[in-house]
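**Student:** Protein chains in written order, with the numbering used here: chain A, 1 to 513; chain B, 1001 to 1341; chain C, 2001 to 2546.
Hints listed in this document are in silico derivations from the structure and should not be mistaken for laboratory results. If you're wondering where the values come from, they're calculated on a predicted model, not measured in any experiment. By construction, the Cβ of each residue, glycine as well, lies at the ideal position given by its N, Cα and C atoms. Do not rely on the hints blindly, as some may be mistaken.
[What the hints assert, rightly or not] Covered stretches of chain A, going by a simulated chain C footprint (3 or more residues, C-beta under 8 Å):
hint: 1; stretch: 409-416
hint: 2; stretch: 428-435
hint: 3; stretch: 498-509
[Unchecked claim] Once the Cα atoms are required to be at most 27 Å apart in a straight line, the calculated DSSO-like pairs of lysine-lysine come out as:
hint: 4; chain 1: A; residue 1: Lys309; chain 2: C; residue 2: Lys2093
hint: 5; chain 1: C; residue 1: Lys2093; chain 2: B; residue 2: Lys1234
hint: 6; chain 1: C; residue 1: Lys2476; chain 2: C; residue 2: Lys2263
hint: 7; chain 1: C; residue 1: Lys2149; chain 2: C; residue 2: Lys2206
hint: 8; chain 1: C; residue 1: Lys2149; chain 2: C; residue 2: Lys2093
hint: 9; chain 1: A; residue 1: Lys256; chain 2: C; residue 2: Lys2282
hint: 10; chain 1: C; residue 1: Lys2263; chain 2: C; residue 2: Lys2282
hint: 11; chain 1: A; residue 1: Lys309; chain 2: C; residue 2: Lys2133
hint: 12; chain 1: C; residue 1: Lys2303; chain 2: C; residue 2: Lys2292
hint: 13; chain 1: A; residue 1: Lys337; chain 2: A; residue 2: Lys282
hint: 14; chain 1: A; residue 1: Lys256; chain 2: C; residue 2: Lys2133
hint: 15; chain 1: A; residue 1: Lys309; chain 2: C; residue 2: Lys2089
hint: 16; chain 1: C; residue 1: Lys2235; chain 2: C; residue 2: Lys2073
hint: 17; chain 1: A; residue 1: Lys256; chain 2: C; residue 2: Lys2093
hint: 18; chain 1: C; residue 1: Lys2133; chain 2: C; residue 2: Lys2093
hint: 19; chain 1: C; residue 1: Lys2075; chain 2: C; residue 2: Lys2036
hint: 20; chain 1: B; residue 1: Lys1234; chain 2: C; residue 2: Lys2397
hint: 21; chain 1: C; residue 1: Lys2206; chain 2: C; residue 2: Lys2010
hint: 22; chain 1: C; residue 1: Lys2303; chain 2: C; residue 2: Lys2282
hint: 23; chain 1: A; residue 1: Lys226; chain 2: A; residue 2: Lys337
hint: 24; chain 1: C; residue 1: Lys2075; chain 2: C; residue 2: Lys2239
hint: 25; chain 1: A; residue 1: Lys256; chain 2: A; residue 2: Lys309
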Amino acid sequence: MLAYIGRRLGIVLLILFGSSFIVYNLEAYSGDPLAELRVSSAKNKEFLMQQLTKQLELNVPPPIRYFHWLQGVLGIFTGHADLGKTRDGLYVANEIAAAIPITIRLVLGATVLAILLGITVGVITAIRQYSRLDYTMTFVSFLMFSLPIFWVAVLLKQYMAIEFNNFLGNGNITGPWILGASIIAGIILAGFISGSRKRVLIVFAIGAAGTAVLLTLANVTHWILKPGIGIVGVGLLSIGIAIGMTSIIAGIDNRKVLFASLTVALAAIVLYFPVMALWSAKGMNVLLFVAPTLGLIVIAVIAALVFVKVDRGAAIRTTVLTAVFAGFFLLIEKLYKVWGVYIQADGINLRPIPTIGEISVRLSVHNFWIDLMDALVHVMLPTIALTLISFAGYVRYSRASLLEVMNMDYIRTARAKGLSERVVIVRHALRNAMIPLTTLMAFDFAGVIGGAIITESVFNWHGMGTLFRAAISNQDLNLLMGVFAITSFMAVMANLVADLLYSALDPRIRVGK
Amino acid sequence: MATKKKSAVEATTEANENAIALHETEGLSQGQIIRRRFFRHKPAVISLIALVFITLFVYSASGIHLGTAKHPITIPGWWPHSMTEIQDSVFCKGSIGCPGIAHPFGQDPIGHDYFALVMRGAEQSIMVMLVVGFIGGLLGTVIGAVSGYFRGWVDAVLMRFTDFIITIPSIIIGAVIGFKFGNLGVVALAVYLGFFSWTGLARLVRGEFLTLREREFVDAARVAGASNVRIIFKHILPNAMGVIIVSVTLMLAGAILLETALSYIGFGVQSPDVSLGTLISNYQDSFTISPWLFYWPGVLIISIALCVNFIGDGLRDAFDPRQRRRISRKDLLRATFAKRK
Amino acid sequence: MTISQDVILKVENYNVEFWVEGEFYPAAIDMNYEVKAGQVLAIVGESGSGKSSSSMGLMGLLASNARTSGSVKVKGTEMLGTNSATLRKFRGKEVAYIFQEPMTALNPVYTVGFQIIETIRTHFNVGPTEARKRAIELLTLVEIPNPEKSIDKYPHQLSGGQRQRAMIAQALACDPALLVADEPTTALDVTVQAEIIQLMRDLKDKLNSAVLLITHDMGVVADLADDILVMKDGKTVEKGTADQIFNRPQHPYTQQLLAAVPKLGFAAARTLEATATAPVLKLENLVIEYPKRGRIPAFTAVKDFNLEIMPGEIVGLVGESGSGKTTVGRAAIGLLPVKSGSIQVVGQEIAGASQKQLRSIRRNTGIVFQDPASSLNPRLPIGESIGEPILLAGVAKGAELDRMVEDLLASVELPRSYRNRYPHELSGGQRQRVGIARALALAPDLLIADEPTSALDVSVQARFLELLLDLQDKLKFACLFISHDLAVVDILSHRIAVMQNGVLVEQGPRDQILRNPQHAYTQRLIEAVPVPDPALQKAKREARRS
């Protein structure tokens, strides 16, 4: 196994050498850093040109210059990586080190969201093939494939940010919006139901009416300005998740697992006030942030072990997932509470959804929660934009994969053995269907990096994409190579991880058996 | 086996052998069957018509512009306003240059006719799409075919080469190229982009060739005396066409999105050439005042890409209808209640 | 012999239909039968007879576009139209299925042990340790080597026979009252098949289960079945005990079916006029090796192979999977490189020949392949496929080529108008005949037939073999007939050569090999072939036991 990884890494390095060599020369030969100076009318033009030549080693032919650069890069093995300097004299390595976390922040949420949502929708549409939901989702995903992200981003900026900020001004949801939202909610809910026309209409009516009521209530209580779901909300959601997870993973008639998950939900309810108090404490930091969720996970494991004696694996999975979600709900609740403070804060002034930047520059209040809120709010729009690109791909791919698997002989065998449809799908079909998805994840990761370049431009984030654009416009060779090296490396590593994941999931392709 | 039993065996086996119900494919070649299946896919057919219409409309309205800035080759279209002429823009409800009868897409702040600009941008984008598709398709097919057919070290070398190209995210190489060669004209840009978009197709074609070359009819052809060239072109390639066509179609959709994205960030089509991406980039801030400046290029990009995607889906279904169409619940209910004897 | 005579499965007025493009097509029409405990009912038929669909439909395992009607009662409980809970209770517990291809019927990502344990724990409330113990018991029962280790193996890590045993173990996990076996031995080698049939017989006796056997292989039927039901095009053509059906078939279709089945040892005499000319094919000290690929080491497929085929002679090359017989066939026509040794076709050396030489040598040879689905280019009309050798040899083109192609079509008893048809419009049997036409296009001296009938139905196969014999009689070509089916080889060959693991273990005149085999493997092979005669099979069984 290690030999395999070693071999693959070796090939990876070779490929990186090759492609970086090509890009280096491509860039070097096709640009002239001295072009600006040549046409300048400055008196010390010659001197400046000489200086620049010395700084950028322009009198050395590019292939040789490449090896100088490479030397610097290989310094990574001795601990002193030197990626050279930008044209402005800054260290490339520093610039990149500052930019990477920003790009990762941008990309991470979107990737995870796209994968989770995409696979879920893909699986559902595969199970409900040829239903109305299926056709709708197919059309929607085609639409998403065809959207230019920069165009969508501008639309998002307008409608989700500017309009939303305007709306926050008076905190009232107007009539037309309530009507529109109710109808859409009704349609979505009805889409999930199959059956007679009457049933569909009833569900639509209930959904629409329910939404309308909720929204009107929100209006009346000025919920938008001071949102929160309270302990009741958290409790209901946690119980709902407990039941949902149990019915998917272990089967709803598995009473023991159900009790264990409900215990976790109960714990979340009981811990509501203590956790809120904890999080309002002065010395808030990351540790306190994760502590409640970790605590819930511990409770989850204990509950599973206590209630369930056999098949502990499924039980633990269920309870831990419930715990994670419950912790998430508590977090949402806390954020709701912070929202009111955040909006009023100086520097935000009731216009919370930003259109540019990673953080609010003018924010004057700083504590853990405000900063977190700020970061989240800033990452919201770009995440939505980026998710739109990848989501559709995952839906199509997982749908196709699951459909193919459902036609396989072993699914018929599973049914012939008397397994319930739920077990057949979750245990037998999904496991096989997910295997090819790992390859998609690798490709998607590379694509997301590319998408990030556009998104950073639209939303004005200062990550790798911005560096890249600057490098090209300024003909900054070192900076370009630095960005290129890192992004290629990440893309290739993603490929390697995907391959390893594939072999881990598929026993037929176990490497180094 | 005595001869007197022959006729009885003959009768039954003849009946057996023709028991296969192949009504719909009676006397049809593979190509015709595929065409039939494609035309049954309604969204694809609609998209095909729409795409042809859009292309014809765009090119006829805007004309054809080739060559570089220094040596242009132009064939004019029927739209009266060119994109460079300036007319006074009209004031209207809080902004200038609203859409009207004279200028159905409105005017930009300077006074250019926006319809001409958008058509020009669409023309460039479609051209890039086609050139990239052609070059990428050609390269991908050739490399994949050679790699998959000959295997061995040829395959290893070509696949490593493909991996090189894959590791470079297309937008990065696109940006590098676009910035350098953008002013050599749109076609040049498209050619260079095409040189970097064939990798996915190459992998697929290689896979197809690897499978197909193991098929017995290839052995039979070899025994019959066919040379490698004949086997590749007459036997394997026609059977791999499905994968190639579908892949190239999807490549087209990706190409237009890539080109407009590059143009948006400034590394694709350069001025004075116009691309739908540059238009969006230029007018994204005037979105609230003159929304038509922002919407029309986007609508055009989406329509073209959507049509191509649907056509690709229809082609995929036509070439490879994997599952026999399972009946929808509605049809099942209808049928169940209809034929009850 | 049988302990209880309870009716386990009772099928009445049973219909299966499939909905395709707006219409319902019948797959099984008005079936009526019953199976008692300890009894084996075999449903036989050729492809398209509806035997598989009807059996899958018993427990609702058909695709969603299928519709069943009538009554299917398992131990008195109605299965059709019942709710899913009842169906699930019976599936796996009272009625268990054994499928044809264990490689695809077992989930590749779970161990066989897991899949067996899953069955047990779905129906019984036992803990994992106890279930595992029972799983090992089951694996021992089906005689899998090393049950403790095998239980944790994945399906792809087992051999074909072992996989089928694992599948049987999984089916028996809950002591089902009814076993439905859908072509359980079709994908297996002959010797393995004999073992599995033996196993099924023993298990049936031990557990007193009712068995519904679906197959097209009359030999297997003769070995296992107590009662037989013959199906054709969805209809029940004849029903009766094994003795009645085999010895006194009433319906013409049953009679033809039985007549078409090759019976080992009953073929007509075959003589060859001995001419003292040179051999058409001479293989000397042949060693064929598959070269090292990546990390898979080099594999010697054939070693020390010596064989000669005289003009006009048919030599049957028999062996099981992995014996190397296909490799020899491919090498004899130059499709595989040889490591050492010589291959001479009509006196010319193939081993090490250049492409040009090879092309000219190949004009004396033709090859017929096994899989009718992939032996013809789906994009070319069959006339073009047949005419290709003629065209490439420069013998004829244009109108003359068309005429030659039509003559070839006539010689294989296909209508001349088929010249412009496409492979997908022909049935499997017709496609194989096109294959012969193509192979004989240049009137070769040597024909290599690589398992040409393995994918064909019995009656189609009979027709094909008749045709081949006629053609050989007329054109007097030599033929290397490769097959795993001894009975088929029996009909055709003058001489037989037996291969095992890449080595030629025995060769000689047909009758001598079949009546007086010397090598132990040949004896085992002959012994394992099921003969479509229940009395004979029973005698063989008794002989085996003593």
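**Student:** Please go over all the hints and tell whether each is borne out by the structure.
**Tutor:** Here's how the hints hold up against the structure:
no.: 1; hint: 409-416; verdict: holds (count 7)
no.: 2; hint: 428-435; verdict: holds (count 4)
no.: 3; hint: 498-509; verdict: holds (count 4)
no.: 4; hint: A/Lys309 - C/Lys2093; verdict: 25 Å, holds
no.: 5; hint: C/Lys2093 - B/Lys1234; verdict: 54 Å, violated
no.: 6; hint: C/Lys2476 - C/Lys2263; verdict: 25 Å, holds
no.: 7; hint: C/Lys2149 - C/Lys2206; verdict: 25 Å, holds
no.: 8; hint: C/Lys2149 - C/Lys2093; verdict: 26 Å, holds
no.: 9; hint: A/Lys256 - C/Lys2282; verdict: 74 Å, violated
no.: 10; hint: C/Lys2263 - C/Lys2282; verdict: 30 Å, violated
no.: 11; hint: A/Lys309 - C/Lys2133; verdict: 18 Å, holds
no.: 12; hint: C/Lys2303 - C/Lys2292; verdict: 17 Å, holds
no.: 13; hint: A/Lys337 - A/Lys282; verdict: 16 Å, holds
no.: 14; hint: A/Lys256 - C/Lys2133; verdict: 25 Å, holds
no.: 15; hint: A/Lys309 - C/Lys2089; verdict: 25 Å, holds
no.: 16; hint: C/Lys2235 - C/Lys2073; verdict: 20 Å, holds
no.: 17; hint: A/Lys256 - C/Lys2093; verdict: 25 Å, holds
no.: 18; hint: C/Lys2133 - C/Lys2093; verdict: 18 Å, holds
no.: 19; hint: C/Lys2075 - C/Lys2036; verdict: 10 Å, holds
no.: 20; hint: B/Lys1234 - C/Lys2397; verdict: 17 Å, holds
no.: 21; hint: C/Lys2206 - C/Lys2010; verdict: 22 Å, holds
no.: 22; hint: C/Lys2303 - C/Lys2282; verdict: 15 Å, holds
no.: 23; hint: A/Lys226 - A/Lys337; verdict: 7 Å, holds
no.: 24; hint: C/Lys2075 - C/Lys2239; verdict: 22 Å, holds
no.: 25; hint: A/Lys256 - A/Lys309; verdict: 9 Å, holds
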